[in-house]
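Novice: Residue strings, one per chain:
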Amino acid sequence: MLEFSIPNEPIFWAAIFSVLVLLVAWFEYRRLYFKLAAREDIMKRRMYELAILRELGERIGYSLNVQKIVEIISSSLGNLLPYSAVLYMLPGESGRLLYHVNLAEPVSKQFITDARTQMLRSLSALFGKTYAEGDVDETITGMVTDPTAQSKVASFFNIPIVINNRPAGIFTVASVEPGLYQSSTEVEILYTIMNQASEAVSKLETVLEIEKGKLNAMVASMADGVLMVDPGSRVIVVNPQTRKLLGISTENPTIFDVLDKLSDRLDLRTKIDESLKRDQLIVEEEVSIADRFVQILITPVKNNKKEPIGSVVLFHDITHEKELEKMREDFTSMMVHELRSPLTGIRSIADLLKSEKIKNEQKKYQEFISLISTNSSSMLDLVNDLLDVAKIESGKFPILKQPHDPREVISQRIRSFETLASESHVEIIENVAADVPKKFMFDSMKIDQVLNNLLSNAIKFTQGEGKITVGAFLCPVGHTIGDAARALNLPWQEFPKSELAAKDELVISVSDSGAGIPKVEIPRLFSKFQQLSTARKTEKKGTGLGLVIVKGVVEAHGGQVRVLSEEGRGTTFFFTLPIEAEQKS
Amino acid sequence: MADKADKADKAKILVVEDEEILLTALKEELETGGYQVGGAVDGQDGLDKVKAFKPDLILLDLVMPKMDGMEMLRKLKENNETRDIPVVILTNLSDYERISEVLSLGAMDYLVKANYKLEDLLEKVKTVIARKAGNM
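Chains as they are written, first to last, in our numbering: chain V, 1 to 585; chain E, 586 to 721.
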């Protein structure tokens, strides 16, 4: 019998124990080693990820161009993931799809077509819109395709590109090797990078949106029309005023809408090209669009590198200026006519007076002399009025305020018009309130002129058995002038509504019982341009400048002139003279 | 040509002018020149006077109240009875641009008010009336 006896020496047990310890230590070491290696691997990867992200951040910079950003990402992926191709698909201009393939190894044509079909499907789902193969513009970079290869898309991963919560395209990695892109780490890397990029762009876009919003609000509030186009003639900015001036009803007009509205008056496209080419501002002084006149300024716009980035077209409405110019011209020619016709007559009559024949006809001789006299004095009136108006307009109308009794001034004026009034069968009534002060500061000569004009107008427009009332009363600040007038029983028309006194005022009014003034005529009464032409059309004598002077005189005193009129119920002209502090005591 | 000795044979001229003094002067000058002269103060008055007075020539101002010279000329040319009466326009330099318009409406000639001389006026009237007589 083979006897195997367990040695009893302690050395043996010690050896066994050592081996066991060694074994345990070795296993523990292996375990730790793998653990550390894995951690190092992750660390390395993280570091690389970070490096890519940092680089991405730098290279994206301030670019908002999605294509450029996606390209940067696709060229940086190489060390992170195994792939045969990095691909992206973005909707481009005018409904085309940009399909870009960056090949890391030669693949078959079929590989690219298959990837395209899959991406198209995803993109259609992402945008909720059907895209066809025909919409795709394809570009391939990196390796070339291998016509002999049989490679198929074995692994595939899509990531939507999202900017500011809006889909912008699809980013894809694809490989001929099966089983890739299934672990969470690989997918995570792609997501992290994509998120980082889209977040950066989103932030930038938000900032730009805010800035653009400020700019748009400013452009929209401009009184001039503003239009900006890029070098490809696409409309970048168009403000509401542009659309209003050109009569464009669409919210977002294209360059064609603009060109169309101008077509028969201005070739805007040629002008824009010309200004870009010559690098100069082009001004079209006067373009008539519908019933408006517009000045058009076309200027090239450059970025800070002095490269042209488009053109700005300004539409400045000059209709009002043109109208004023026309009115001024009409006024001048009317005045020339007013002065020249009687002057020519005077000269002719004077020539006739020189002839022997007339000297023997006593009656005719006298008639001619008086014709010369009345004509020259009415011309002198006109010249004086014109001079006053010129002074008023230039703000150099001299006023000399001295204490006078308003009552006296009024009754004197009424007396001087009595003959004329009775000839026209018109009665003039004086109605001055008891509290009107005996001393009031004003320029009596100028106020005489005001009353003369108002009274002669009133007589002129009150025919047969009419009544004219001259009133004067005080109205404290904030009180209704009409109420104060009615308290004195003055005729006071309702249109326009009588207003509140702006200061403590003396109010002087001239009311007639005539036909009244049509509402539309009222605003024109104090315009020198309108008046002279209206005066021509009626048979009424006068320069038509009277009310312009009335307004000037009253305003030079710090007061205001108002007209109240109702057709069939007559007209009231009233003016206010503020009571100055020193005469209140 | 009209015989100046006989009043009935005198050519008749209607002056339409709103400026009283100028109307008086023109009337006097033309009467001295040997014409029978009528006056009107605006276009409407002018048309009425044409009917009654049957002038051989009308001197017509352009800028007038109620109905201006342009309108009166148009009305004259629309009417078969008055269409052939020669019209000479009295104008100011400021109306100068309207001259071609009035001539196209059928006015025969024009006279600038501010610088006409008596001799010019009479000469112009004479030629126009002679031309009219020649046409008939």
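Think of the hints as simulated: they come from the structure by calculation, not from any bench. Errors might be hidden in some of the hints.
[Said to hold, decoys possible] Listed below are the simulated DSS-like cross-link pairs for lysine-lysine, each with C-alpha atoms no more than 30 angstroms apart in a straight line:
hint, chain 1, residue 1, chain 2, residue 2
1, V, Lys363, E, Lys662
2, E, Lys709, V, Lys364
3, V, Lys357, E, Lys595
4, V, Lys364, E, Lys660
5, V, Lys214, V, Lys302
6, E, Lys597, V, Lys322
7, V, Lys354, E, Lys651
8, E, Lys651, E, Lys639
9, V, Lys354, E, Lys662
10, E, Lys662, E, Lys597
11, E, Lys634, V, Lys497
12, V, Lys359, E, Lys595
13, E, Lys662, V, Lys364
14, E, Lys711, V, Lys359
15, V, Lys357, E, Lys662
16, E, Lys639, E, Lys597
17, E, Lys651, V, Lys357
18, E, Lys709, V, Lys359
19, V, Lys467, E, Lys709
20, V, Lys212, V, Lys359
21, E, Lys651, V, Lys261
22, V, Lys391, V, Lys401
[Claimed, not checked] From chain E, some residues computed to sit far from chain V (all C-beta separations above 10 angstroms):
hint, residue
23, Asp594
24, Tyr695
25, Val713
Where is the CB? At the ideal position from N, CA and C, for every residue including glycine.
Novice: Broken hints, numbered, in rising order?
Specialist: 1, 4, 6, 7, 9, 11, 13, 15, 17, 19, 20 and 21
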